[in-house]
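A.B. asks: Going left to right, the sequence shown walks through residues 1 to 128 as full-length UniProt numbering numbers them.
Be a bit skeptical, because a hint or two may be false.
[To be verified] The calculated label-pair distances, taken between Cβ atoms and stated as ranges, are:
no., residue 1, residue 2, range
1, 107, 30, 11 to 21 Å
2, 127, 70, 23 to 33 Å
3, 97, 52, 18 to 28 Å
4, 127, 96, 29 to 39 Å
5, 95, 35, 16 to 26 Å
6, 121, 61, 45 to 55 Å
7, 12, 40, 20 to 30 Å
8, 61, 126, 42 to 52 Å
9, 122, 11, 38 to 48 Å
[Said to hold, decoys possible] Cut-off 30 Å, straight-line C-alpha distance, at most; resulting in silico cross-link-like pairs (DSS-like, lysine-lysine):
no., residue 1, residue 2
10, 82, 17
11, 17, 74
12, 82, 12
If you are wondering where the hints come from, they were derived from the structure by calculation, not from laboratory data. On a predicted model such as this, the values are computed, not experimentally measured, just so you know. In this text, a Cβ means the ideal position worked out from N, Cα and C, and glycines have one as well.
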Amino acid sequence: MPFLRISVPVGKGPDHKGAVGDAVHDAMVDSLGVSADDRFQVISEHGRDELLFDRGYLGVDRSDHCIFIAVTMKRGRTPAQKTAFYAAIAANLEARLGLRRQDVMVVLTENDPIDWSFGNGEAQLAGS
1 MPFLRISVPV
11 GKGPDHKGAV
21 GDAVHDAMVD
31 SLGVSADDRF
41 QVISEHGRDE
51 LLFDRGYLGV
61 DRSDHCIFIA
71 VTMKRGRTPA
81 QKTAFYAAIA
91 ANLEARLGLR
101 RQDVMVVLTE
111 NDPIDWSFGN
121 GEAQLAGS
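I would like the entire structure built from these sequences, with the hints used as guidance.
C.D. replies: Below is the structure:
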């Protein structure tokens, strides 16, 4: 039940955004065991004045093509699963879109089952 917000530079178009979403979702399915039908993403374009980042923080050489991926999911994944997920996202985006690995930033936030409502004003996961 991950929920993602993906921010990309403006001007790439809907096909590019769809391909980014597919690459990230496939990484989730492959590395975290997320169900293929469990896809909730918000992908938005931002101008240069809206995507602000340090180009060399922690020794990573970022370009104007940098994207941000914010993932919220139910807690429970191991550190190994998380690092495999980050690597799979970067590999998929590089292979499918030519996006440099240095231009992929991922932030993962975990929460509890009670923190989710998938509709109807209900907490569907509250008992899990």
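A.B. asks: Give a verdict on every hint.
C.D. replies: Now for the hints, and whether the structure bears them out:
1. 107 x 30: 11 to 21 Å: holds, 20 Å
2. 127 x 70: 23 to 33 Å: holds, 27 Å
3. 97 x 52: 18 to 28 Å: holds, 22 Å
4. 127 x 96: 29 to 39 Å: holds, 38 Å
5. 95 x 35: 16 to 26 Å: Once the Cβ atoms are compared, 23 Å apart, the range 16 to 26 Å for residue 35 and residue 95 holds.
6. 121 x 61: 45 to 55 Å: holds, 46 Å
7. 12 x 40: 20 to 30 Å: Holds: the Cβ-Cβ distance is about 21 Å, inside 20 to 30 Å.
8. 61 x 126: 42 to 52 Å: For residue 126 against residue 61, whose Cβ atoms are near 44 Å apart, the range 42 to 52 Å holds.
9. 122 x 11: 38 to 48 Å: holds, 40 Å
10. 82 x 17: OK: residue 82 and residue 17 at ~23 Å, within 30 Å.
11. 17 x 74: holds, 25 Å
12. 82 x 12: holds, 28 Å
In terms of the numbered hints stated before, the structure departs from none.
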